Each structure stands twice: as structure tokens, then as C-alpha cells.
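A.B. asks: Model the full structure from these sequences, guided by the hints.
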Amino acid sequence: MTQHSLSGERAAAMRMLDIRPSRGWRFVNLRELWEYRELLYFLVWRDIKVRYKQTAIGAAWALIQPFFTMVVFSLFFGQLAKIPSEGVPYPIFSYAALLPWTFFANGISQAANSVVGGASLISKVYFPRLLTPLSAVLTSVVDFALAFIVLIGMMLFFRIYPTWNALWFFPFLLLALMTALGVGIWLAALNVQYRDVRYVVPFLTQLWMYVTPVIYPSSLLHGVWRTLIGLNPMTGVVDGFRWALLGTGEAPRETLCVSAAVSLMLLLTGVLYFRRMEKTFADVI
Amino acid sequence: MSDVAIRVEGLGKRYRLGQRESYRTLRDALARGAAAPFRCARSMLRPGYRSTAKPKSEPFWALKDVSFEVKQGEAVGIIGRNGSGKSTLLKILSRITEPTEGQARTRGRVGSLLEVGTGFHPELTGRENIYLNGAILGMKKAEIDLRFDEIVAFAGVERFLDTPVKRYSSGMAVRLGFAVAAHTQPEILLVDEVLAVGDAEFQKKCLGKMGNVVEEGRTVLFVSHNIASIRRLCPRGLVLDHGAILMDGPVDEVTQRYLGVQNPEVSERIWTDTARAPGDDVVRLLAVRAKNRSGAVCSRFDVHGSVTIEINYRVLKEGHQLCAVLELLDATGQLIVVAFDRYTDGPWGKQSPCMPGFVRSSWLLPEDFLSPGDMSVNLRVFSPPLEPNAAPHVRELDVIRFAVADGMDPGSVRGSFPYAWGLPAVRPRLHRFTERLPSAEACPEAEAWPKKE
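If you read the sequences in order, they're chains A and B. The first sequence finishes on residue 292 if you use the working numbering, and the numbering steps up by one all the way, no holes. The second sequence finishes on residue 515 if you use the working numbering, and the numbering steps up by one all the way, no holes.
In case anyone wonders, no lab produced these hints; they're calculated from the structure. Only a predicted model underlies this, so the values are computations on that prediction, with no experimental measurement involved. Just so you know, not all the hints are guaranteed correct.
Taking lysine-lysine pairs in the DSS-like style, the calculated list, with each CA pair at most 25 Å apart, reads [claimed, not checked]: (1) B:K203 <-> A:K56; (2) B:K203 <-> B:K271; (3) B:K228 <-> A:K60.
Ranges of calculated distance between the beta carbons of each label pair, as one might list FRET restraints [claimed, not checked]: (4) A:T62 <-> B:A290: 44 to 50 Å; (5) B:S231 <-> A:Q86: 53 to 59 Å; (6) B:L92 <-> A:R38: 33 to 39 Å; (7) A:K60 <-> B:S231: 16 to 22 Å; (8) B:A290 <-> A:Q72: 53 to 59 Å; (9) B:D90 <-> A:Y59: 35 to 41 Å.
Idealized CB from N, CA, C, for every residue including glycine.
C.D. replies: Right, here's the structure in full:
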């Protein structure tokens with residue numbers, strides 16, 4: 008018992024930690040993630056603050072991307088190509104899909120580069136490495152929230168009033184979040200090993216958008232094609248958003264089940280792969 | 063494991079050399095995968111997979127079979143050459159990287175200061191970075207709020223709290239980073255050479271704060287190349303060499319041996335070729351040596367023996383006043399003694415010039431004066447008065463070295479007491495005496511005290 012021993016309650020709060028080489032596969036340590044929730048908040052807060060600090064347009068950046076994409080789509084796909092839009096004006100038809108889509112695309116793109124970009128933190132401080140892609144995707148949620156306001160404005164403009172079904176948009180958002188996390192975590196871990204993954208991501212996002220009924224309605228496809236794009240979890244999200252907010256189409260029940268299953272599998276396998284690879288991050292980065 | 067804060071058993075960390083040369087590309091992996099799908103998929107899932115099979119992949123053990131224990135409240139200094147594994151050890155204890163074998167156990171919250179200002183973002187203000195850095199180092203927001211004012215006061219950046227950090231001077235940024243880290247109050251603090259940056263005042267402040275941390279009963283592992291600060295802060299030292307523990311013991315013993323290993327003692331140097339001897343066209347050095355009281359050149363001296371430093375030099379040109387100055391430094395580079403010789407006595411700058419020829423100067427360092435340790439000698443010969451930027455005729459740093467040891471003979475006061483009595487620069491035998499005063503009247507300060515009944 009030394010002269011400078013710590014007080015009783017502090018001694019009780021001290022935890023023993025075992026550091027040894029880990030073998031095999033391990034799953035996510037949810038308790039640890041919860042312990043570090045404040046750090047997660049600060050990482051998201053940092054990214055948002057930094058993003059908007061020196062831009063003159065500030066928060067409007069989150070709105071500009073989906074909005075102008077919608078304008079261009081309406082011009083070329085709505086007017087010129089005359090793609091059917093299930094009874095609602097094409098602009099709002101495409102915007103309701105662009106909203107979750109932009110969230111997904113930006114989410115995975117930022118997550119893919121998050122671990123490599125956060126190399127200075129990862130090699131100097133311990134925290135659960137999953138926080139890095141997680142914070143990247145959550146930052147996109149904030150952008151989503153801002154762009155959502157524009158959707159409300161557009162709905163008022165086109166005089167489309169939401170029914171109680173509109174509340175369903177929240178589970179669909181969660182599905183989009185889960186998918187973005189799953190794909191983002193995969194890409195983040197892959198990018199550490201194979202540095203050219205970040206160049207693949209824009210290409211991947213573009214292709215994925217064509218496979219998702221953003222520009223066109225999913226009712227345009229039939230039979231085996233419909234089933235195939237149903238495997239894409241974002242199909243369920245986009246159909247769901249349109250049904251919940253605009254009332255087009257029918258409740259995508261089967262698509263939802265398939266999408267949720269695929270999305271969950273992506274997330275679980277992504278987490279397993281990430282956790283397996285993260286022990287070498289600090290050495291390889 | 064009642065009062066042990068850190069226990070390390072057989073810890074080892076292996077890196078594969080050649081892995082950092084080129085990042086593997088997905089393109090290569092896909093091409094390979096197309097050729098042999100299953101084998102490829104299986105090996106891809108193994109961490110550390112390398113797509114190109116290079117013949118050389120020798121393992122490099124940054125740490126091998128390291129075991130030690132640190133009790134709660136102990137401060138341990140870790141020293142070693144570059145590449146000896148000190149930073150790797152701290153990284154493993156901070157859980158930044160995983161060990162390849164062995165295990166370590168820590169008790170309590172571990173705070174690691176591997177770099178000052180980790181996570182600082184230049185676009186955010188000082189205030190925002192304090193919160194961000196604090197969160198990164200593991201503090202909760204409530205804790206940061208509580209210690210915010212202390213942190214700002216320690217860093218001295220009250221006026222600049224709302225300016226983006228990119229506008230801070232590097233000194234301010236470093237101070238702020240250290241201030242946040244110093245207030246995280248972990249039970250175990252791991253510090254890795256963060257004092258290398260910053261000015262002298264900052265280093266003093268940091269050391270002071272770390273001293274407080276030790277006094278509060280926290281455990282500290284301190285890695286540094288600054289031997290003096292390690293000696294000041296840590297009573298125990300650990301030397302790492304090529305990934306293994308070389309020495310573990312009281313800090314002054316360990317640092318003496320560590321520095322001794324690097325510095326061979328050469329206590330005599332002779333130059334036979336005037337053209338290549340140190341000096342210029344006025345003065346050339348011929349020899350420098352350390353002699354004991356019998357006049358023999360030696361490199362190890364007893365602390366009770368005198369040391370004579372003798373130099374021979376040759377004056378080539380006439381008309382110059384000359385003065386030689388001796389500097390004695392200890393193993394940490396601390397200056398202990400400065401001594402001048404004057405060829406002829408007289409006011410500074412007004413002595414008579416030297417005649418050409420051979421000169422010998424010597425300085426006698428008395429017995430019972432120097433502290434045990436390795437000594438290094440600097441020598442300059444110049445013409446007084448020397449302007450601050452003018453070059454001396456002869457300037458030889460670290461020209462000879464010798465060691466002073468305390469024989470610990472039983473007859474002395476010290477006897478066989480093995481521990482160091484502090485780390486003084488010199489320990490002279492001072493003239494002193496002690497006497498018992500005959501009465502209270504002889505001691506004027508005793509007037510205020512109550513008289514004995």
C-alpha cells in the first residue's frame with residue numbers, strides 16, 4: 008500500500024484489460040461501441056462543422072446535389088424520353104427516389120475512404136475502428152435530413168398531401184442506412200488492403216443507380232427482371248419511399264423482405280470482414 | 063494482480079518486411095481470382111494477404127519475448143536506440159496494434175500520448191478542438207466541461223480560443239495538445255517522446271505536469287531520448303535493444319550503463335601530423351590527455367583521486383595572445399566545469415602575445431570533486447577578446463572522455479551504501495565542521511524558544 012494509492016471508488020472503477028493476439032473471426036463488440044458513443048457524436052460533429060465552415064453556400068450543399076440532379080433528370084428523362092412516372096409529376100417522382108439514393112451514394116463513398124483518410128487517428132489512438140465508417144455514414148444522414156426539407160417543399164408545391172403511410176418512410180430510411188453501412192464497411196476495409204477501391208466506388212455507384220428504379224419506376228420491369236432488381240436492397244428503399252410519401256404503386260412487401268434480408272447479410276458479412284482486418288489497420292495504413 | 067498496473071508476459075510483435083512497398087490493387091486481385099478462384103478467396107480472407115508472391119518476406123521482430131511488471135503508481139522510463147521497439151511496445155499497450163504472441167494485462171484506463179494534438183483539425187477553433195481532442199482521448203463531454211478552464215489556463219490560449227487552430231503558432235498548438243492530453247487523468251499514462259517538440263519552457267511545464275501525475279499515484283511509462291528528463295521523472299528505467307529488454311533497474315544505474323555502452327572511452331588523443339591536427343595557421347593542437355595523480359594516462363578514475371587534463375599545442379605565428387579553455391560535460395551533456403588558462407597573466411585582452419613554439423597547459427581537477435559518471439572534454443584555444451561570432455583557433459568538442467567511479471571503500475562515510483545520493487553535477491568535499499553550542503546564550507536564534515525547566 009503505497010503512500011500515493013488511489014481512493015477507494017476509483018480503485019473499484021479500474022478495469023482489467025487483456026491484450027493478446029486475437030485469432031479467428033470476431034463479431035462487433037456492441038458494449039464497446041456504446042461506450043464510445045460520445046466519440047461517435049464528436050466525429051460526426053467534426054465532419055459536418057468542417058464541411059460547412061468555409062463554404063459560402065454552407066448547408067445548401069446538401070440540397071444542391073439531389074435538387075439539380077432532379078432538374079436534369081426531369082428534363083431528359085421526364086420530358087424528352089417521356090419515362091412514365093406512376094401518376095405523379097416526374098420531378099417529384101424522381102426526387103423522392105433521389106433523396107434516399109443520394110444518401111446511400113454519398114454514404115458509401117465517404118465510408119469507403121474513411122479508414123484510410125483517418126489514418127492519422129487510427130495509428131495514434133485506440134477506439135473501436137468501426138466508428139470510422141459509421142461516422143461517415145451518419146454524416147450523410149444529416150445531409151439527408153436537410154434534403155428532406157426540400158422534398159416537403161416540393162410536395163406542397165405539387166399539392167401532394169401525405170397520408171399516414173408517410174410514417175413508413177422511417178423504416179425505409181433505416182433499411183437504406185443498414186445497406187449503406189453494410190456496403191460502406193465492406194468498402195472501407197477493402198480500401199485499406201487494395202488502395203484502388205476508392206476509384207472503383209464512383210463507377211460502382213453509377214452502375215448501382217441504373218439498377219435501382221430511380222429514373223424509372225419499378226413497374227416498368229416484369230418477370231425475371233423485376234425479381235433481379237428486387238435483390239438490390241435500394242430497390243425496396245426507393246419503392247418504399249415513393250409509396251409512403253407519394254402514394255404511388257403498392258406497398259412493396261415482398262421486395263421489402265428480400266431487401267431487408269440482403270441488406271442484413273451485407274451488414275453482417277461486412278462487419279465480420281472489417282473486424283478480421285482491423286487488427287492490421289495500424290500496421291498497413 | 064492486486065497492485066500491479068501493467069503486466070507484460072512474453073510479448074512479441076512481428077512485421078513482415080517488404081509489405082509496405084506497394085499497395086496491392088484490386089485489379090491484381092481480380093486477375094488472380096479469375097485464374098484460381100477458391101484458393102484466392104481463402105487467402106484473401108486472411109489478414110496480411112499479399113497478392114504478389116515475393117521471394118523475400120523475412121519477418122522482422124520489433125519486439126520479442128518482452129516481460130516486465132509495473133506496479134500502480136510507478137513511473138518507469140523506457141530508453142533505447144531508434145528502432146529498438148519502444149514505440150511498438152507503447153502501441154501494443156495502447157491497443158493500437160495487436161501483438162503477434164504473448165500477452166499484456168493493464169488495470170485501469172490507459173491514456174496514451176503518442177503524439178501531441180492527435181485529431182486536431184486545422185479548420186476548427188481552439189475551443190472545438192479541445193472537445194474533439196478530449197473525446198478522441200477518451201474523455202466524456204461532462205469531464206471536458208469540468209476541466210475546460212484548467213486546460214485553457216495550462217495552455218495559455220485564452221485569447222485565441224475562438225480562432226481556427228490553423229492560425230496558431232506551432233508552439234501554441236503543441237501546448238494546447240499537451241494540455242488536453244495532460245488532463246485526461248487516466249490511471250495509466252503512456253507517453254512517447256512528446257517532449258521532443260516545443261521550447262524549453264514548454265518542456266519544463268510538461269515535465270512538471272507529468273511529475274504531478276506521478277505524485278497523484280498514477281502509473282507512467284515514459285519513452286524519451288532525453289535522458290535528463292527521464293532521470294528527473296522516473297526512479298526506474300528499462301532499456302530496450304532490438305526488441306528485447308536489456309536492462310531493468312534503478313534509473314541512474316540503467317542510464318549510466320546505457321550511455322556507457324554507446325560511448326567508448328578514449329582518454330588520450332595525439333596528432334602527429336601538424337597539417338592535419340586541429341587548429342589553424344596560428345595554433346595547432348598536438349595532444350590531449352587525462353592523467354591521474356601519479357602522472358599516468360588512464361581512462362577510469364576514482365572519485366577520491368585527482369584528474370589532470372593536459373594539452374600540448376604548438377604556436378606557429380607570433381604576435382597573438384592565446385588562451386585555452388577547458389569544458390567538462392557529464393554523460394547527459396550537462397556542462398559541469400569551465401576553466402581557462404592564461405598563458406601570461408594580465409588584463410583580459412592585454413596580455414603579452416605568445417612566442418612561437420611548443421606549449422603545455424594543464425588543469426588539475428581536485429580529488430573528491432567530480433560526481434561518478436562518464437565525462438567528456440571540450441577544448442577551445444582562442445585569442446582574447448573573442449567576439450561572439452568569431453571562430454576560435456582550435457575548437458575540439460568531445461575530444462577525450464574518461465570515467466569517474468565511486469569505489470565505495472568501507473572506510474569512507476558512504477561505505478557500501480549502494481544507492482545514489484541524488485544526481486549532483488559535482489560532489490566536492492567541502493570544508494565543514496559541527497560543534498555543540500555550550501549554552502542557549504551562544505545561539506541568538508534560540509531567544510524565542512521556551513527555556514527548558
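A.B. asks: So the hint says 33 to 39 Å: do the beta-carbon atoms of L92 of chain B and R38 of chain A match that?
C.D. replies: holds, 38 Å
A.B. asks: Could one say that the CB atoms of K60 of chain A and S231 of chain B fall in the range 16 to 22 Å?
C.D. replies: holds, 21 Å
A.B. asks: Does K60 of chain A lie within 25 Å of K228 of chain B when you go C-alpha to C-alpha?
C.D. replies: This hinted pair holds, its Cα atoms lying about 13 Å apart.
A.B. asks: CB of T62 of chain A to CB of A290 of chain B, is that within 44 to 50 Å?
C.D. replies: At roughly 49 Å between Cβ atoms, A290 of chain B and T62 of chain A fall inside 44 to 50 Å, so the hint holds.
A.B. asks: Can you confirm whether the C-alpha distance between K203 of chain B and K271 of chain B stays at or below 25 Å?
C.D. replies: holds, 22 Å
A.B. asks: Does K56 of chain A lie within 25 Å of K203 of chain B when you go C-alpha to C-alpha?
C.D. replies: Holds, because 17 Å separates the two Cα atoms, which is no more than 25 Å.
A.B. asks: 53 to 59 Å was suggested as the range; check whether the CB atoms of A290 of chain B and Q72 of chain A agree with it.
C.D. replies: Holds - the Cβ-Cβ distance for A290 of chain B and Q72 of chain A, about 57 Å, lies within 53 to 59 Å.
A.B. asks: Quick one: are D90 of chain B and Y59 of chain A within 35 to 41 Å, going by C-beta?
C.D. replies: With Cβ atoms ~39 Å apart, the hint holds.
A.B. asks: Quick check on a hinted range of 53 to 59 Å for S231 of chain B and Q86 of chain A, using CB atoms only.
C.D. replies: holds, 58 Å
Every hint, counting from the list given before, is met by this structure.
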